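Number of protein chains: 2
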Amino acid sequence: MNTLEAIHARTSYRGPYTDAPVPREAIVKILEAGLAAPSGCNKQTTSLIAVDDPQVLKKLHTVIDLENAKTAPVWICVLTKRIIAYRDKCFATQDYSAAIQNMLLAIVDLGYETCWYEGHITDADRIGRQMADMLDVPQDMELVCLLPVGVAAEKTTRREKMPFMERAWFNGYRRTE
Amino acid sequence: MNTLEAIHARTSYRGPYTDAPVPREAIVKILEAGLAAPSGCNKQTTSLIAVDDPQVLKKLHTVIDLENAKTAPVWICVLTKRIIAYRDKCFATQDYSAAIQNMLLAIVDLGYETCWYEGHITDADRIGRQMADMLDVPQDMELVCLLPVGVAAEKTTRREKMPFMERAWFNGYRRTE
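From first to last, the protein sequence lines are chains A and B.
Take 0 as the starting number for the first sequence in numbering that gives the first Met the number 0 and just add one per residue.
Take 0 as the starting number for the second sequence in numbering that gives the first Met the number 0 and just add one per residue.
Simulated from the structure, these hints should not be mistaken for lab results.
Quantities reported herein were computed from a predicted structural model and do not represent experimental measurements.
There's no promise every hint is true.
Stated by the list, open to error - Listed next, the stretches of chain A that the computed footprint assigns to chain B, with coverage defined by at least 3 CB atoms under 8 Å from CB atoms of chain B:
no., segment
1, 32 to 45
2, 163 to 170
As the list claims (entries may be wrong) - Here are the computed distance ranges between Cβ atoms for each label pair:
no., chain 1, residue 1, chain 2, residue 2, range
3, B, Asp122, A, Ala152, 41 to 49 Å
4, B, Thr17, A, Gly171, 23 to 31 Å
5, A, Asp135, B, Val150, 25 to 33 Å
6, A, Pro15, B, Thr17, 46 to 54 Å
7, A, Glu153, B, Thr17, 42 to 50 Å
8, B, Thr175, A, Ala152, 28 to 36 Å
9, A, Arg23, B, Ala152, 37 to 45 Å
10, B, Asp135, A, Asp122, 33 to 41 Å
11, A, Met164, B, Asp18, 26 to 34 Å
12, B, Met0, A, Glu24, 41 to 49 Å
13, B, Phe163, A, Arg81, 16 to 24 Å
14, A, Gln138, B, Val62, 38 to 46 Å
15, B, Arg128, A, Pro22, 46 to 54 Å
Glycine included, C-beta positions come from ideal geometry on N, C-alpha and C.
If we strip away everything but chain A, and leave its shape as in the complex, we get:
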């Protein structure tokens, strides 16, 4: 798929997945895409765990209430380490977001669907930490995002967005030229 095509084809898929597996070769390509993202001062604060072992998936499923996502054959868990880039500056959120965006595009490019689930697991009930413990993730890393990966069983849909001219301008705020 062409880059711009993938960028515009990507949607947040919240439906169920078919039982078609995602081969390891494809998973590696997705993870590599994530790691290819830039990071503030090259601190590489993002790490990734792909879960495709049905036993491990089953364990993770017990702590999270996302019925459709549970039908996906792979879950990619995004980990971050809040390393200071310089002085008091930490770019870990920017770093993992860029890595996630690369993975969203790689996933669509390879014919799969996904959705960026973050609020569900970083909320006060700390589901992310429960998942991290199940995966033996050390305490200095946070599990901040879950990406289910698989073949969509339903059509993708698209939420409406504001028109271009409400969000993008030239040479000044709300200037059109």
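Position chain B against the provided structure of chain A, taking the given hints into account.
Chain B only, in chain A's frame:
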């Protein structure tokens, strides 16, 4: 360019740019790519201003110390509005980072180079606010990132990254299968 190709071709280019212009058509494609990124609860917290008017660029140049970036014919300024997505949750940083990553890829795909400049303008000296004021950006929006866009005058270089197995695993922390 193929999506995965663009993901791996992207580097942080900090060199000078040639005087080849970037046509408006290409700028619009880059901005559209940015706006196509997802946002937490679809709040669309990110806005963009592309500056290609030499007079406006000259003004912006007076407040920032980035000699090479000043040779670029276009600067894309990334704005964010820290809207609450739900309860106390704000995903504005994630939102603009995903938008930036899409733009980095679109820029490379279209044959240009760029670099994500954020720390330079969000630091204590508040250069971002000075730039925002020059562009008439209202006070409830922050200018958080600058992307120069143009044709690279020098070869791109690549910073070294940790090997795959130091950052990506399967089914558990540091597990290889």
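The hints, checked one at a time:
no., hint, result
1, 32 to 45, "holds (count 11)"
2, 163 to 170, "holds (count 6)"
3, B/Asp122 / A/Ala152: 41 to 49 Å, "holds (48 Å)"
4, B/Thr17 / A/Gly171: 23 to 31 Å, "holds (26 Å)"
5, A/Asp135 / B/Val150: 25 to 33 Å, "violated (47 Å)"
6, A/Pro15 / B/Thr17: 46 to 54 Å, "holds (50 Å)"
7, A/Glu153 / B/Thr17: 42 to 50 Å, "holds (48 Å)"
8, B/Thr175 / A/Ala152: 28 to 36 Å, "holds (31 Å)"
9, A/Arg23 / B/Ala152: 37 to 45 Å, "holds (41 Å)"
10, B/Asp135 / A/Asp122: 33 to 41 Å, "holds (37 Å)"
11, A/Met164 / B/Asp18: 26 to 34 Å, "holds (29 Å)"
12, B/Met0 / A/Glu24: 41 to 49 Å, "violated (21 Å)"
13, B/Phe163 / A/Arg81: 16 to 24 Å, "holds (22 Å)"
14, A/Gln138 / B/Val62: 38 to 46 Å, "holds (42 Å)"
15, B/Arg128 / A/Pro22: 46 to 54 Å, "holds (49 Å)"
Hint violations for this structure: numbers 5 and 12, all remaining hints satisfied.
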